[in-house]
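Please work from the sequences and hints to get the whole structure.
Chains B and H, in that order, give the protein sequences. For the first sequence, the numbering used here gives the first residue as 1, with consecutive numbering after it. For the second sequence, the numbering used here gives the first residue as 1, with consecutive numbering after it.
Keep in mind the hints are simulated off the structure, nothing from the lab. Hints are not guaranteed to be accurate.
Unchecked claim - Residues on chain H that point at chain B, a partial pick, calculated with CB under 8 Å:
1) V4
2) Q41
3) F45
4) S48
5) E56
6) E103
7) L104
8) G109
What the hints assert, rightly or not - DSSO-like cross-link-like pairs, simulated, lysine-lysine; straight-line CA separation at most 27 Å:
9) B/K68 <-> H/K42
10) B/K60 <-> B/K77
11) H/K42 <-> B/K52
12) H/K42 <-> H/K78
13) B/K68 <-> B/K56
14) H/K42 <-> B/K111
15) B/K111 <-> B/K77
16) B/K77 <-> H/K42
17) B/K60 <-> H/K42
18) B/K56 <-> B/K111
19) B/K111 <-> B/K60
20) H/K42 <-> H/K83
21) H/K57 <-> H/K83
22) B/K68 <-> B/K52
23) H/K57 <-> H/K78
24) H/K42 <-> B/K56
25) B/K77 <-> B/K52
26) B/K77 <-> B/K56
Glycine residues also receive a C-beta, built at the ideal position from the N, C-alpha and C atoms.
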Amino acid sequence: GDSVTQMEGPVTLSEEAFLTINCTYTATGYPSLFWYVQYPGEGLQLLLKATKADDKGSNKGFEATYRKETTSFHLEKGSVQVSDSAVYFCALSDPTGGGNKLTFGTGTQLKVEL
Amino acid sequence: EPEVTQTPSHQVTQMGQEVILRCVPISNHLYFYWYRQILGQKVEFLVSFYNNEISEKSEIFDDQFSVERPDGSNFTLKIRSTKLEDSAMYFCASSGGAGWIGELFFGEGSRLTVL
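Quick look at the structure:
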């Protein structure tokens with residue numbers, strides 16, 4: 001079945017550091033890929049998405065490129081801020097599954113310190 | 001901005017008791033979902049609901065679980081006889097019409113603690 005694997009957290013960075021959170025996936029079809037973010041005390045929010053190979057999703061300085069050859073969708077940001085501290089979830093939606101449910105990774109907690 | 005709201009934010013219950021978690025999805029959405037996250041584990045799909053019936057459910061969603069949309073605005077998850085392993089954060093989500101390619105709008109979650 002479909003699965004998503006994310007790097008373990010927590011990831012602790014200093015402000016303005018470069019961020020990479022790795023995500024790889026397994027899917028039977030051609031999934032859409034997503035990064036969701038959960039800020040403290042809030043629900044999951046869509047951060048960015050990519051629907052086909054080589055697409056790059058971007059939002060709020062975060063980027064991720066859909067790499068079919070490596071089945072990856074790594075999240076990157078050039079300069080993190082304290083306000084980026086949150087839990088980040090990689091997810092996929094596989095249309096061959098018949099619906100639009102999401103399969104999530106375990107989430108990676110990011111802590112950004114001054 | 002429209003949002004999905006969930007109540008209660010935290011519920012503590014005794015094993016064997018019935019629990020109802022409530023959600024108000026975004027008003028013009030057509031698909032509704034429940035997910036859960038056991039502490040330290042993945043966010044797991046439980047069930048999706050469309051056109052007043054279950055469209056898909058996972059192996060987790062056994063006979064102890066049920067969903068209902070009783071009044072056109074609320075979407076509820078009932079656990080008939082809670083077990084210790086049902087302790088988790090439960091997320092409700094909703095999304096748009098057919099052909100939607102995956103953005104789900106999530107609530108803040110309801111934390112269920114079974115003692």
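Verification of the hints:
Of the supplied interface hints, the one on H/V4 holds, with its beta-carbon coming within about 7 Å of a beta-carbon of chain B, less than 8 Å. For H/Q41, the interface hint holds, since its Cβ comes within 8 Å of a Cβ in chain B; the closest pair sits about 7 Å apart. Satisfaction of the interface hint for H/F45 is found here, the shortest Cβ-Cβ separation to chain B being roughly 5 Å, below the 8 Å cut-off. Using the Cβ-Cβ criterion of 8 Å, the hint placing H/S48 at the interface with chain B is satisfied: the shortest such distance is roughly 6 Å.
Because the closest C-beta pair between H/E56 and chain B is about 5 Å apart, less than 8 Å, the hint holds. For H/E103, the interface hint holds, the least distance from its beta-carbon to any beta-carbon of chain B being 5 Å, beneath 8 Å. Evaluation of the H/L104 hint against chain B yields a held restraint, the C-beta minimum of about 6 Å falling below 8 Å. Hint on H/G109 holds. Least Cβ distance to chain B is approximately 6 Å, under the 8 Å limit.
A hinted pair counts as satisfied when its Cα atoms are at most 27 Å apart, and B/K68 with H/K42 qualifies at roughly 23 Å. For the hint linking B/K60 to B/K77, the alpha-carbon distance of about 9 Å falls within 27 Å, and the restraint holds. Taking the CA atoms of H/K42 and B/K52, the gap is about 24 Å. The hint holds against a cut of 27 Å. This hinted pair checks out: H/K42 and H/K78 have alpha carbons roughly 21 Å apart, not beyond 27 Å.
A distance of roughly 12 Å separates the Cα atoms of B/K68 and B/K56; the hinted pair therefore holds under the 27 Å criterion. Of the supplied pair hints, the one linking H/K42 and B/K111 holds, its CA atoms being roughly 19 Å apart against a limit of 27 Å. For the proposed pair B/K111 and B/K77, the alpha carbon gap of about 14 Å is at most 27 Å, so the pair holds. Annotation: proposed proximity of B/K77 to H/K42 holds, straight-line Cα distance about 23 Å (limit 27 Å).
A C-alpha spacing of about 25 Å is found between B/K60 and H/K42, which places the hinted pair at or below 27 Å, so the restraint holds. About 25 Å separates the Cα atoms of B/K56 and B/K111, which keeps this hinted pair within 27 Å; it holds. Restraint check for B/K111 and B/K60: the C-alpha separation of about 17 Å stays at or below 27 Å, so the hint holds. A threshold of 27 Å between alpha carbons decides the hint, and for H/K42 with H/K83 the separation of about 19 Å falls inside it, so the pair holds.
For the given pair, H/K57 sits about 19 Å from H/K83 by alpha-carbon distance, which is consistent with the 27 Å threshold. Between B/K68 and B/K52 the alpha-carbon distance is near 8 Å, which keeps this suggested pair within the 27 Å criterion. For the given pair, H/K57 sits about 14 Å from H/K78 by alpha-carbon distance, which is consistent with the 27 Å threshold. Using a Cα cut-off of 27 Å, the hinted pair H/K42 and B/K56 holds, with the two alpha carbons roughly 25 Å apart.
Between B/K77 and B/K52 the CA atoms are separated by roughly 21 Å; this keeps the pair inside 27 Å, and the hint holds. Using a Cα cut-off of 27 Å, the hinted pair B/K77 and B/K56 holds, with the two alpha carbons roughly 13 Å apart.
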